[in-house]
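Colleague: Starting from the given sequences, assemble the full structure and let the hints guide the process.
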Amino acid sequence: MTRTEILNELKKVFAPYTSNKEMLAGINDQTDLIKDLKINSANLVDIIIDAEAKYDIEIDYDSADKIINVGTCIDVILDKLNQVK
Amino acid sequence: MISAGNDIISLDAIDITRTKQPRFYSKILSSTEKNLYDQAEFTTIPFENFVWLLWSIKESAYKYLKRIDPNLVFIPVKFIVTHLHVPAGYISKKFGSTQIENKGFEGMIAFKGLVTIGDNTLYSRSLMYRELIVSTVNRDEDFGKTCWGIKLVDKPDPQYQSEIASTFLVERLQRILHLDNLVINKNPAGVPLLFKEHEELPIPVSLSHHDHFVGYSFQLCN
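Respectively, the protein sequence lines represent chains A and B. To convert, note that position 19 of the first sequence is 18 in numbering that gives the first Met the number 0; the numbers rise steadily by one, no gaps. To convert, note that position 74 of the second sequence is 73 in numbering that gives the first Met the number 0; the numbers rise steadily by one, no gaps.
Just so you know, these hints were derived from the structure itself, not from any lab. Accuracy of the hints is not assured; some may be wrong.
Unchecked claim - Partial pick of chain A residues on the chain B-facing surface, computed with a CB cut under 7 Å: (1) K37; (2) N39; (3) V44; (4) I56; (5) Y60; (6) D64.
Note that the Cβ used here is the ideal one computed from N, Cα and C, for glycine as well.
Modeller: What follows is the structure, given as structure tokens:
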């Protein structure tokens, strides 16, 4: 699975938690989940749970703290997918 | 260094079913905190409210400490609520207002707690209504110099809420300090700072918004 494929799938994961649809359509590695997408911090756990379910992975606390922007989110998912293999 | 930290949770916006799922709440609560809920005094509090009450205390503590350590990362389970007490006379009731502002919690039915992360220990005070939970933290057990406010807003748009919350806070500060031209700007770490024109004032402030509610807290120096 490529970074681009995961990025496109993450748009669907983030969609319920952001009203900034224009920014969502153009996300890149540097897009900050809270500052740019205006995702409320109370929804960050929802996003982690949704990503876990989508990719059948478990995101532990130490990995979760790296999820600040789209790029680090993709890094964590790829890292966990590689561990499953 | 004094700081300020608050958080607000709209209980109408939370997913109750998901909150009750172990895979969800285990990312917020530590095992000792799950045991805290089993204490007799929490029997009148729905579990989902308990989870979000602890979240609000932890997020308040994170905001308080982020001002001091800009590199701090919010991992809820690493903020441990070691003590939490349901106030005598607590019953679930409606917010019943469009806004509340106060200094301290004297005479209010407030949850008292203690939260630790690493070497830091902070005291907390929380109010729980049917529609919302609001928390604030302080290094000192005396909240007499902690000013706070809660406001019901008509739109849940984050940008709109952010502006309303800043205006709500600035208006209170201008009344108390008898100053005008106060503005709130965020530093690169996202921490709100109070300025009069271009001069930063030594009053730590904290802002929060969720769904139809916004809130603030700030700590007076003297």
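Colleague: Each hint needs a verdict: does it hold in this structure or not?
Modeller: Structure-based check of each hint:
1. K37: 4 Å, holds
2. N39: 6 Å, holds
3. V44: 5 Å, holds
4. I56: With Cβ-Cβ at 12 Å, over 7 Å, it is violated.
5. Y60: 5 Å, holds
6. D64: 4 Å, holds
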